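Enquirer: Spelled out, the chains give:
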Amino acid sequence: MNKIKLIIQREYLTRVRKKSFLLTTFLVPLFFIGMYVGVILLTKKSFDETHAYVYIVDETQEVMEKLNSSKNVTYIKENLDLTTQINSRAKEDDKMSILHIPKDFYATEKVDFLSHEKPSLSIEAEIKDTLNSIIKDKKYETYGITKDVRRSIKSNVSIQSKEIKDGGTTEESNTEVAMAISLALSILVYISLFLYGSQVMRGIIEEKSSRIIEVIISSVKPFQLMMGKIVGIGLVGLTQFALWIIVSIFLITVVGSSLVSQEEFTSHVMESQGQKMNASEPMSFNGETFSEVFQLLQSVNFTEIIVCFFIFFLGGYLIYSALFAAVGSAVDSETEASQFTMPITMPLLLTYALSFGVLINNPHGAVATWLSFIPFTSPIAMLVRIPFGVPTWQIVVSALLLIIGFIVTTWIAARIYRVGILMYGKKASYKELIKWFKYKS
Amino acid sequence: MLALRNIVKQYANHRALDDISMDIPEGKIFGLLGPNGAGKTSLIRIINQITAPDSGSIYFDNELLSPKHIEQIGYLPEERGLYKKMKVGEQMIYLAQLKGLSKTEAKNRLFYWFDKLDISTWWDKKIEDLSKGMQQKVQFIATVLHEPKLIILDEPFSGFDPVNAQIIQEEILALNKKGATIIYSTHRMETVEELCDNIALIDKSKKVLDGAVKDIKKQYQNQTYHIQYKGNLPVELETNVLYELLAFTAQEDMHTIKIKIHPQYALNDVLTQLIPYVHIYQVQEIVPTIHDIFIEKVTQTSHLHEQN
Chain P
1 MNKIKLIIQR EYLTRVRKKS FLLTTFLVPL FFIGMYVGVI LLTKKSFDET
51 HAYVYIVDET QEVMEKLNSS KNVTYIKENL DLTTQINSRA KEDDKMSILH
101 IPKDFYATEK VDFLSHEKPS LSIEAEIKDT LNSIIKDKKY ETYGITKDVR
151 RSIKSNVSIQ SKEIKDGGTT EESNTEVAMA ISLALSILVY ISLFLYGSQV
201 MRGIIEEKSS RIIEVIISSV KPFQLMMGKI VGIGLVGLTQ FALWIIVSIF
251 LITVVGSSLV SQEEFTSHVM ESQGQKMNAS EPMSFNGETF SEVFQLLQSV
301 NFTEIIVCFF IFFLGGYLIY SALFAAVGSA VDSETEASQF TMPITMPLLL
351 TYALSFGVLI NNPHGAVATW LSFIPFTSPI AMLVRIPFGV PTWQIVVSAL
401 LLIIGFIVTT WIAARIYRVG ILMYGKKASY KELIKWFKYK S
Chain A
1 MLALRNIVKQ YANHRALDDI SMDIPEGKIF GLLGPNGAGK TSLIRIINQI
51 TAPDSGSIYF DNELLSPKHI EQIGYLPEER GLYKKMKVGE QMIYLAQLKG
101 LSKTEAKNRL FYWFDKLDIS TWWDKKIEDL SKGMQQKVQF IATVLHEPKL
151 IILDEPFSGF DPVNAQIIQE EILALNKKGA TIIYSTHRME TVEELCDNIA
201 LIDKSKKVLD GAVKDIKKQY QNQTYHIQYK GNLPVELETN VLYELLAFTA
251 QEDMHTIKIK IHPQYALNDV LTQLIPYVHI YQVQEIVPTI HDIFIEKVTQ
301 TSHLHEQN
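Residue numbers (my numbering), protein chains in the order written: chain P, 1 to 441; chain A, 1 to 308.
No wet-lab data here; the hints were simulated from the structure. Please note that the accuracy of each hint is not assured.
Which stretches of chain A does chain P cover? Using the computed rule of at least three CB atoms under 8 Å from a CB of chain P, they are [unchecked claim]:
hint: 1; region: 62-75
hint: 2; region: 79-89
hint: 3; region: 93-101
hint: 4; region: 251-265
On a predicted model such as this, the values are computed, not experimentally measured, just so you know. Each residue gets a CB set at the ideal place from its N, CA and C atoms; glycine is no exception.
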């Protein structure tokens, strides 16, 4: 027992002290937050790029005042006729365009859009919509339908989904948020099972190819070495998760606050620009969406998710790392390993792929339920289902099956491992592996 | 010290060890000899409890070999290997701890050894930054650091330059003097006679020979002599009832014959016959080397196999 502790310690410390560990610990959250910031910045940038400034030449003398600048289009209202407008705008930059509304606009429902470049589809659609509603308004008016009538006709049904809990109480739920969390969990588990599982495999191949294995197992039992390695690397994984959470929280508070102040700043700038242009509305990201998202997140049971994440990640890790260990012991090099890693990771890959379809669309259906019980698929399938609410008995049964699965897999893997680590130059086949498994110890 | 009784190890389609029994006496250097693939490594792995025999038993100090003996055995495998990315000192401590030493004890002993072999500057180096010979030296220390009663060395000199090989050889002898029993597995015969008290020869999974080196050599002395003389031997003496002429060389007027005397006669009988004709300068008995015995035995068994 003491020796297994020594092995765990070595496996853990050598990895945690590596520069690459520190690097990933800080870079991964930075990468994700950077991506998030990048998306915000890109949206802002694309706003500038797709935004259109449209000079209006209105011959009807009444449409112009109904045109209001929006997020994407700024209408510049000048009372000039078409030719002067074209002449004065011809030399200006590409973003300028002219909307010519002819006298017979209401009859023909046709306008001319003059620009250097073809307008983007969204701009075209928006202008079309605006003009359509102007025509509609006009028609309502001619048919004598008042605004009040129209308002009373309008309807807007909203669905408030509530979850029935075991105790008979209901709880507000939000499908989109659950979906987002499910997918995040699926991706996280999939990537980390692969990451740490293959680290176990690589560690074993390293021991085998550097031939230190013989020295070590003249001191400890192969099973101790295998379990020591699996547990040690598992602890590295847990440390990494814990650090990611801490680093992310830190970065979000720091970056988040600086981002907010920057937003305020940019919106001020735009406001002043807008005033100069004498037309556009000030643009800003409203705080409303933020608090809304925050509220939705609060409705999610994070304690349950985190506890289940650790249970199912650990269970899945123990099963798959045992399989990876068996593969690592059977081969002499990593290139040789791929023929075995493919089949053992198939269930994982399959569940991962399904999590974007069947599992998330029908989290309580037969496929999802069955997959969340099978030990090889439950680490992903169950975690995908949990944000949608899963009866406690199902979680417990699935976790128990996972533990049984882990014990059986480890037992099989250990039997292959103890023979495999001493085999050199022998091309391992499935037949060979079965033979190794049957050797008596 | 170590007694092996009827060890059998069967792999899928070949028998690696076939009914091997031998005794390794306490405090001796025991040579485990055999050509490649004879089963030496299989046997060593069984003694190290890396694998288990299919049948047969091993006694360590008259007790059935069990995991508690691991700490009293030091093993230097033929295929050397250490964690390449780990630092020398740290790795040595780890390996010593696995053999049951405490951290401080391991450190103290390491300082002693590193000082003795003049490698203290390597402590913080990574293994991969050491040369192959340096790595071997480090691994040798790792093998003996926990002061095992039984040290198993599989080709300990391979990869060493002559100077370092000499240093290691001296260390092995010193450890032996302090009471450690040593199993020395090799196919380099010249060192066997220098080091070993006892040997066992394994070939084709079977033990073909074992015993004290002295006794074995005596057993293989077959009355072969070099006789150097001046003068001419009469023709009738070139083949003779007393002996068989194996070789004849002449250098100016000095002649040398190599003869094998038939078992029922002695050297004196031959000399009485020769003296009347020639002037004898030198008589030397040809004692078979372990090397010769090894080759003879191994070729013999392969002939037997061919006949079968």
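Enquirer: Determine for every hint whether it applies to the structure shown.
Expert: Hints versus structure:
1. 62-75: Our answer is that it holds, as 4 residues pass the Cβ test (under 8 Å) against chain P, meeting three.
2. 79-89: holds (count 8)
3. 93-101: holds (count 5)
4. 251-265: Violated: only 0 residues of the region 251-265 of chain A have a Cβ under 8 Å from chain P.
In this structure, the one hint that does not hold is number 4.
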